[in-house]
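Enquirer: The primary structure of each chain is shown beneath.
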Amino acid sequence: METLFSYHPRDLLLFSPRVYWTLVAGNNEVYWPLALLAPVVGLWLMWTLAKLGQARQRTGLAVLGAAWLFVTWSFLWAEYRSINWAITWAIGPFVLQGCLLLVLAGTAGSTSIPARHRYLIAMMLVAWGTLIHPLGFLLDDRPLGEADSWLLFPDPLSITTLGVVLAIARGRWLALSLPIPLLWSLVGGTTLLGLGSPIGWGMLAGAGLALAAWLPLTR
Amino acid sequence: MTHQWSRRRRRLLQALAAGTALTALPVSWGRASPSPITRRSPTGGSGIPAVGLGTWITFNVGDNQRLLDSCANVMKAFFDGGGTVIDSSPMYGSSQNTVGYGLDKLDARDRVFAADKVWTRDGDATRRQQRESADLWRVKQFDLLQVHNLVSWREHLDTLKAMKEEGAVGSIGITTSHGRRHRELEQIMASEPIDFVQLTYNPVDREAEERLLPLAREKGIGVIVNRPFRQGALTERLAKEPLPDWAADVGANSWAQLILKFILAHPAVTCAIPATTRVDHVRENLAAAQAPLPDDDLRERISDTIRSL
Ligand SMILES: NC(=O)c1ccc[n+]([C@@H]2O[C@H](COP(=O)([O-])OP(=O)(O)OC[C@H]3O[C@@H](n4cnc5c(N)ncnc54)[C@H](OP(=O)(O)O)[C@@H]3O)[C@@H](O)[C@H]2O)c1
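Sequences listed follow chains A and B, in order. FYI, the numbering for the first sequence is 1 to 219, going by this note's numbering. FYI, the numbering for the second sequence is 1 to 309, going by this note's numbering.
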């Protein structure tokens, strides 16, 4: 029994916070214009959701789809995989999610604003992913250069995506485009907690809220 | 891409400056300290220094040049201090490659006792994985290959035995940790011709004392101790506590040294393999492998004190 208590969340990780945040800082250095643009594009995304219209929706989804493909290539494949072999299993689902969002962008008709609960949760998630989550570095006492923004890193991207698809997608499309970011929010949130970053709780709460908004009881 | 490289290069230069500063720091566990005590190797040959170097997490630094160089600095201090045993595994992310980078950079292939593991459910993949690991380590072959966490151990052990016969590996063993699967490990130790067993043992985790350590002694199996500091949880917790006066009786200057001396004083233990990212810690750990080591009474006192804190 004592052995059981000798486990710590960090025992689940292969790498140290120092190494993970060094990877994040490295990508921020290389793609700094995107890191700077991310909050602005986030605000724009929220505006498109506030004023749902076919063209705006499609552009929002296309940006999101492209971000999934970019993050897969620039971070998961090129960097994260080198310290975490399990990431190899995430590559396929991430590419699939990017493609799903691009197809949705190409086919989505105009949708009306969803039920109030769902809409509120959707907007909160987008605000969280694009504006709040990157501030997690403040809680951890890390430098600004280690802030993870949604256009560059999978954690805030997943939370943002949950919000966008909850606001725009319906029925089958919603069922298709929600599971991957939902799962990643659980994986990413747990990883952040293992790294000692309390912002991981935000991701787990975000996943819980998205699930609640998706389930029939809040429709 | 060029942009990326120039930035990485700048970071590398900063790192080199930092690395140089680090090695220039005055250290209390100096380079001048005598070589660590050695233990008999179960396969004969030269003795094994009683403190080795683990690589789980600490050496999983990916391709980051600054971090690779900082690990190479740790390896340099380790070899300079008389250490030889480095332990890694295919499970440890990029750690094997980091060790290989360090061995290359320090030109230290002839100074290392290369201990790696086989970690795959595919019982037919022993040799393939060993080749991949050796490529990452940049060594021709391993001094010790262990079945990691008993994964598909029957199949792997059969192949490892054959490899040892052929001279493709120096010695063979099996590992576990966190006190897991001790029963099964005991059966393997009793029935298989292994040279080493790797398990968790420290002043708080003492289950191995009951059956495994006595059995290892009886059968002449070398014991490599992992997680001496419970992956740093022990040393972190103890950092706030003052070191008892009586620690000086065994020449321990820190909690880490007291823990290592506790471990090394067990007659069945061949070596402990603490992992570290720090040059001062690697020196401190090696310096623990010196006489005097605690007697039975003092060992109990160390264990009781640490458990009570
Ligand atoms: N089943 C298996 O085969 C298995 C399982 C577990 C471990 N292992 C092997 O055993 C090795 C050791 O176990 P481990 O890495 O889990 O844990 P560990 O060696 O008990 O602890 C490593 C931690 O201790 C800290 N540390 C090291 N020296 C210190 C000192 N002098 N003072 C204060 N803190 C110190 C390090 O932090 P700093 O970086 O700050 O020094 C590091 O975070 C592993 O690396 C691995 O090679 C094998």
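It is worth saying that the hints were derived from the structure and are not from the lab. Since this is a predicted model, take the numbers as computed values, not measurements. All C-beta atoms, glycine included, are put in the ideal place defined by N, C-alpha and C. It is possible that some hints are incorrect.
To be verified - Computed beta-carbon distance windows for the label pairs: (1) A/A62 - B/G123: 45 to 53 Å; (2) B/A291 - A/R142: 38 to 46 Å; (3) A/G53 - B/R237: 42 to 50 Å.
Enquirer: Each hint: holds or not?
Expert: Now the hints, each set against the structure:
With their beta carbons about 48 Å apart, A/A62 and B/G123 fall inside the hinted range of 45 to 53 Å. Between B/A291 and A/R142 the CB atoms are about 44 Å apart, so this pair conforms to the stated range of 38 to 46 Å. The beta-carbon spacing between A/G53 and B/R237, approximately 57 Å, falls outside the hinted interval of 42 to 50 Å.
The structure is inconsistent with hint 3 alone, although it conforms to all the rest.
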